[in-house]
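K.L.:
What follows is the residue order along each chain.
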Amino acid sequence: MKPRIPGQAAQARHGWWKASQWLALRRAAQVVFLGLFLTGPLIGVWITKGTLASSLTLSILPLTDPLFALQSLLAHHSLEGKVLLGAGLVLAVYALIGGRMFCSWVCPVNLVTDGAAWMRARLNLPEGVTFSRSSRMWILGAVLAVSALTGTVAWEFVNPVTILHRGLVFGALYGAGLAWVLVAALFLFDLAVSSRGWCGHLCPVGAFYGLIGRKSLLRVSAIGRQTCDDCLDCYKACPEPQVISPALKGATRGLGPLILSGDCTNCGRCIDVCPERVFEFSPRWMDRKSKDVSSQTTRDGTTQAAA
Amino acid sequence: MVEPSSPLETSRRDFLAATARTACAAGFFGTALGLWIGQARALPATALRPPGALAEDDFLGTCARCGLCVQDCPYKTLKLAEPGSGPTLGTPYFEARKIPCEMCSDIPCVAACPTGALDKSLKDISKSKMGVAVLVGHETCLNFLGLRCDICHRDCPLMGTAITLERSHNLRTGKHAMFIPTVHTEACTGCGKCEKSCPLEEAAIKVLPPKLALGVLGSHYRLGWEEKKKKGSALIEGTIDLPDRGYSPGEPVPPAPERNSQGGFKEFRP
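Quick mapping for you: the protein sequence lines, in order, are chains D and F.
One gets my numbering by counting positions in the first sequence from 1 and adding 1 to each.
One gets my numbering by counting positions in the second sequence from 1 and adding 24 to each.
Calculated from the structure, these hints are not laboratory results.
Accuracy of the hints is not assured; some may be wrong.
[What the hints assert, rightly or not] Here are the simulated distance ranges between beta carbons: (1) G184/F <-> I61/D: 35 to 45 Å; (2) V240/F <-> R285/D: 51 to 61 Å; (3) A193/D <-> V240/F: 50 to 60 Å; (4) L224/F <-> L124/D: 22 to 32 Å; (5) W17/D <-> L146/F: 55 to 65 Å; (6) I44/D <-> G62/F: 37 to 47 Å; (7) G62/F <-> A185/D: 26 to 36 Å.
Glycine residues also receive a C-beta, built at the ideal position from the N, C-alpha and C atoms.
Can you make the complete structure from the sequences, with help from the hints?
P.N.:
Okay, here's the thing in structure tokens:
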């Protein structure tokens, strides 16, 4: 049987752009964010110096990975003000827009694991080994504990995100050397061993950014959930499908249509692939005032409007 | 009211078992990571840290591996450690024999460091301590062989201070002088220009991390002459000065024994 590819139904009904716009924008953002770092090494026009670990944009804007700063502070090292300011800025931005937007809109590893997921869907591969979604939290805890115990920034000894990004920036795209081996390993892991294994279950960077964004203002809302026809395309496309159910199917339990889990990466793929156009980006404060609540009460007679 | 149990709901027992399993796996992962860190924080003796780098353990806990220092190095001296290249992954270093430090007076690498892993209190590059040059090849150095190579001396940015030429007798020829390049560790910055310029196939002078290069005195060692200088007087008070035998103060010093024409002592009878 030919596998049902999420997005094909939406494309048939709404055209390519409507069925791909967030994916296209996201890929463009990933290319732009990488490009900011690469124009310097490639053509000598320096926009952003450094790497995702810590950078300086246009000689004025310092940004730093707050997870690095946290590890270093836990390891009893004092950091300079510039790096703390940079970490604070990153924390503030992701706290507003959703921490895991780093994962889906910026992180270069996302291209690798999305590629594996894309191929998985077309090869119709079985799920493979499944890890608990909480594994990444435990790994994050272990990383922080090891940092404190060894007095060093533990995750930076193995972090595929920064290894790949450093490889791309300092190898000026092609000379990334052994970073490509790591990329291949991650790709094969997600393809052959565990579906969405790395970014969805194990990566402690994602876990950390998920924590940052738990109360973020920008969310995806299943605002048109009453029209859902259970095609499951959103679940298949979503890298964190466990976040969808409470919003999409929570009407009977009095839950609003907002996807509130910090695990949601705000990638917007559910918006793209839904043939019924159930989802859209929404500010957090729209949860109770959505048109859905009133229409839902009249449609199936539940009384969650009072909840 | 009892809800009908659903196959999707997990029992408390299942939950605890799953949590325990994940916790054990995380513990295993943490242990493996800790062991790997122990392995991976070695620094090869040929890898030198940028100027102003904190002591290695502090450096590894403070450096973000961001590469800003590398990008601001105008001579491409600094590079980031790639997987398997030796120093701790992603940290900046240089190899003197490949590209030495040119000792920029504005120290751009230190200025670029956002974290403080490169210490901004270093204002004068000639005060930096990236390593210490050591003339290790006493059997290969051309000056030790009696030639006047002197390249390391002349290429030293602190010529005459960090490296001087010390004259000594050439025992092989019996009649020539040797000019031995001599490193003065208090002045040497470890920039590596000497190691780079040594014309031998393998450099006879090498920049090494200070600990390897210098040795360390035992903490209980005291240098008598330094202690005496600090105190300003003899370290032990009230020592008795015994009279010297066959001679008392005030008496004339006896004349030196006479010599014969061959230079020997006149009274000497073999």
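K.L.:
Take the hints in turn and mark each one as holding or not.
P.N.:
Hints, one by one, checked against the model:
1. A beta carbon spacing of about 43 Å between G184/F and I61/D agrees with the range 35 to 45 Å that was offered as a hint.
2. A beta carbon spacing of about 60 Å between V240/F and R285/D agrees with the range 51 to 61 Å that was offered as a hint.
3. For the pair A193/D and V240/F, the beta carbons lie near 52 Å from each other, so the given range of 50 to 60 Å is met.
4. Here the CB-CB span from L224/F to L124/D is close to 59 Å, at odds with the stated 22 to 32 Å.
5. Between W17/D and L146/F the Cβ separation comes to about 57 Å, which falls inside the hinted range of 55 to 65 Å.
6. The given range of 37 to 47 Å is respected by I44/D and G62/F, whose C-beta atoms sit roughly 41 Å from each other.
7. Hint check: G62/F to A185/D, Cβ distance near 27 Å, so the stated range 26 to 36 Å holds.
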